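As they're listed, the protein sequences go chains A and B.
Residue 1 is where the first sequence starts when you use the working numbering, and the numbers rise one by one after that.
Residue 1001 is where the second sequence starts when you use the working numbering, and the numbers rise one by one after that.
Because the hints were derived from the structure by calculation, they are not lab data.
Predicted model only: the values in this text are computed from it and were never measured.
Some hints here could point you the wrong way.
Residues on chain A that point at chain B, a partial pick, calculated with CB under 8 angstroms [unchecked claim]:
1. T24
2. A82
3. E84
4. E92
5. I96
Don't be surprised by glycine CBs; every beta carbon is placed ideally from N, CA and C.
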Amino acid sequence: VHELSLSGAIVNTVVKHAAGRRVTVVSLRVGALRQVVPDTLAFYFGFVAEQVLIPARVRCDPCEREWEIDMPIFRCPGCGGAAEVVSGEEFEVESIDVEEVECIAPR
Amino acid sequence: MHRTKVRVVEEALDANNTIAQTNRDDFDRASVKVVNFMSAPGAGKTSLLERVLPELHGVRVGVLEGDVQGSMDADRLASLHVPVTQLNTGSGFGGECHLDANMVRSALPSLPLDDIDLLVIENVGNLVCPAEFKVGEDTRVMVCSVTEGEDKPLKYPLMFRTCELVLVNKIDLLPHLDFDVGKLLYNLDAVHPGVERILVSARTGEGVDAWRDWLVGVVERVEAPA
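From just these sequences and the hints, can you work out the full model?
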């Protein structure tokens, strides 16, 4: 259900940039922290939705440490402080492939 | 006919975020602070509102009640003589599982913004989708009840990380459950370090005063200049 809601948002963004042209491919950047299931998201589209999954990375400034997380744990194992998200919260339309109709009418 | 790649690089939820900001501007102009109130179904959102809304230390409050269908919750709150606006996300069976900025926008004309200081938007019961959609709120509060399991913050990190306050409800049931509150709070702090939390029971009233004070505190906030 989550993916269906997000599909609507993607379609809105795509339609705006397509400006009436036929869309064949939509390329997305999806952060691991967004809890999106790629196959489910792809299921809702009639066109190809290419998805690049961005791993979740966090950083602890005092420890000058950066690491990837596979569980949503945001405490630094070194100092116990709160780590900041570096990547993994993306949910972006990166590009779309569109079909351009040649303009034959003289201007 | 040829194919072209068009570079977009835009947050997919940009359209929603823009409308949310427009809502927020309207709320700011009316000097109304807004709380987006979320939880899983049955965690006790409406009960916790029933406990505090009748007496909010002089704060004039209104409620925007989001539900897939029906007005059961709105009817409960209306009996407290608080202005309640119902917002159904679907007609018939199967509506949206969350409120988005546009739905809230559509309800703006029916909200008595000039007569309230605080608007509580009770979102649709769901731990996933509502977290994705800003509606124009100043802050987010969620309810997690002790009948739900200690691992919930780890399973729904987006929701737990996006809230400023977590109300841990139904603590009157603890003697009857194999629920480890310490474990829940530990997981909560791992997912959202330092997040505020209040242990409450809508049934016995325990912790309700702290919840009321927190809510009143939202109205007294002075926004730092952007």
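* Violated constraints from the hint list, given by number and in increasing order -> 3
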